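Protein chains: 2
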Amino acid sequence: MIRCFSPHSFLSSAVIFPLGRNTLQSSAVCKVHSVLVFGIWVRARIAVGASSMAGLVCSKSGMEQVLLENEVQQVKLLDSVNDDFGGVIVELSEAMDLKVFASMLKASIALWRSQGKRGVWIKVPIQLVNLVEAAVKEGFWFHHAEPKYLMLAFWIPEGSHTLPANASHRVSIGAFVMNKKREVLVVQEKCGIFRGTGIWKLPTGAVDEGEDICAGAIREVKEETAIDTEFVEVLAFWQSHKSFFGKSDLFFVCMLRPLSFDIQKQESEIEDAQWMPWDDYVAQPFVQKHELSKQLVDICKAKEDETYFGFSPVPIASKLPDQKSFLYLNDRDLEGSEV
Amino acid sequence: MIRCFSPHSFLSSAVIFPLGRNTLQSSAVCKVHSVLVFGIWVRARIAVGASSMAGLVCSKSGMEQVLLENEVQQVKLLDSVNDDFGGVIVELSEAMDLKVFASMLKASIALWRSQGKRGVWIKVPIQLVNLVEAAVKEGFWFHHAEPKYLMLAFWIPEGSHTLPANASHRVSIGAFVMNKKREVLVVQEKCGIFRGTGIWKLPTGAVDEGEDICAGAIREVKEETAIDTEFVEVLAFWQSHKSFFGKSDLFFVCMLRPLSFDIQKQESEIEDAQWMPWDDYVAQPFVQKHELSKQLVDICKAKEDETYFGFSPVPIASKLPDQKSFLYLNDRDLEGSEV
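These protein sequence lines map, in sequence, to chains L and B.
Numbering follows UniProt numbering, in which position 196 of the first sequence is assigned residue number 196; successive positions increment by one, without gaps.
Numbering follows UniProt numbering, in which position 276 of the second sequence is assigned residue number 276; successive positions increment by one, without gaps.
To be clear, the hints were calculated from the coordinates, so they are not data collected in a lab.
All of these numbers come straight from a predicted model, not from anything done at the bench.
Don't take each hint at face value.
The list treats identical chains as one, so a pair stands whether inside a single copy or across any two.
[Claimed, not checked] For lysine-lysine, the following DSS-like pairs were computed, each having C-alpha atoms within a straight-line distance of at most 27 Å:
#, residue 1, residue 2
1, LYS319, LYS180
2, LYS76, LYS294
3, LYS106, LYS76
4, LYS137, LYS99
5, LYS148, LYS99
6, LYS319, LYS301
7, LYS201, LYS319
8, LYS324, LYS265
All chains should be modelled from the sequences, with the hints used to inform the complete structure.
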């Protein structure tokens, strides 16, 4: 699936009969159309610019005349902006009566349908949560949520929607930091599955939203142990599923070079931290017993022996202003090639 | 941050005075406590087992006697299960009156607070969306949502919560598939930013939730072009931020070996598809103009010249039954080392 919407036929589920009555409103030219919406005939004034259907101006906060079962009502429309995929986005910001919202939503959907719109997004701030029920009754579903808002989605054309999926992964790092005495930086955690087990493990943590993997690894090591580091490479990674509310986890094993050596453990999360002789770390029954741990030990050892090359971050231009992204690649092999 | 909760002090925001009146209910021993909740004194019968606070049995669907401003009410508690981090999880499944739910929630929070619980999760199926408002009024916030449910979260102890963050990334792939004539498999898309540009690009797509990267790459190539492939390597990857409702994207450039050669393009998303001479692909102004495209061309060429090694997927045991996970590593270097 391409990360965009598939084309669907225009007006597949709405039938429009332009009645030809022009009215002037909010400096935009409107026409009254009869629209079949959810089995009910609705008359709505629809914005038309120089070319038919081109203008959305008069639907923005405009009053629309809707004939619903022979009853004439003035229904305000929801403010919306067009997205890049033939759909519309509504951001609710002002409190309103539930019934008023329900009417506005019905009329807005009728208009969007008549205009051949596809996906509809409504972003509801948490303080307007009382409006969510009305949207769900109209057929909206939950797309995603963040602490302060809920994003609702709706698909106007017939057939399955092609709206992009919600975020599916968390990204985590494990940090391999070794000093020149071949001692590795390890911690014991105060909580989680390793709590109280006595197991010494590499510092690990979740990469923050919007944070680069290399920056997240440096931050986690600093937070847990106060050790400053320089990022060297991604040595390996793995993906695990159903690890968190049905979501997946991408775990990057990173090598970092220490720039300081005095450990100060994080009081809130870390029971203890130390520079541990590599052989003692490897000899732990937990490390020896688990296939994955053993494989990581092999990789880290090969790296220390300078026979292994992972993916180094190379800065590249970012679409965000004044920022760099990172392309992670095998830079030894690339430099050595004849490209 | 470790991916778990930090320890907080027990009962930091609730004051409890055991009144010593024992009652027997649902085969569990309960005590009546006075609890200061949101500034209001509440008396609630709290389950106690052999050791104080150990039993949650009688709070599960039990009737609790709550004295609220001298008015005696029988308030049912919400069904809950303990999580691994000192919190509780409620899964709503049955329709109920809004006021009844609000009372149950208040009483349940009082109990959980008295028991030193930390995070509270409430999973609300979309058909019970009318209950969300009551929870938000009690201080719950949106944690995440999927099409059919909304997850609400609440933190009982004082101070900042340490609940894990919502999923932060989408995972995508780009597929480099070359045949023995040094022709590369390319497509033109019907929608998205490349629509109508005439640019020939590598097949790309989003990895489905719960899908391995290597499986996702094979699936996307098959869907878009009907070409069967075998996964070889991850050649490089990059991370971009704010790419989708504030979330990040992890894009893996993958090399796949073709196992079939007759192209049948996907009608819904692909305008055209072909095996294109590598030099023609590289010569496209779009490829030459963009730093990232040029770097990927260098990597793909180096790979074709067999001088570049990326990360190959090695099957490892998964925590899911009857499944394998994949550890992606530089297997040439690892095999060549003396480990």
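Here is what the structure says about each hint:
In the homo-oligomer, the alpha carbons of LYS319 and LYS180 never lie at most 27 Å apart, since the shortest distance is 39 Å inside one protomer and 36 Å across protomers. When the C-alpha separation of LYS76 and LYS294 is checked against a cutoff of 27 Å, the pair qualifies neither within a copy, at 65 Å, nor between copies, at 51 Å. In the homo-oligomer, the alpha carbons of LYS106 and LYS76 lie at most 27 Å apart inside one protomer (10 Å), although the nearest pairing across protomers, at 38 Å, exceeds that limit. Proximity of LYS137 to LYS99 under the C-alpha cut-off of 27 Å is found in both arrangements, the shortest distances being 12 Å within a copy and 21 Å between copies.
Taking the closest pair of Cα atoms, LYS148 and LYS99 come within 27 Å of each other both inside a single copy (23 Å) and across two copies (24 Å). Proximity of LYS319 to LYS301 under the C-alpha cut-off of 27 Å is restricted to the inter-copy arrangement: shortest distance 26 Å between copies versus 37 Å within a copy. Taking the shortest alpha-carbon separations for LYS201 and LYS319, only the inter-copy value of 19 Å comes in at or below 27 Å, while the best intra-copy value is 37 Å. Taking the shortest Cα distances, LYS324 and LYS265 never come within 27 Å of each other, neither inside one copy (31 Å) nor across copies (36 Å).
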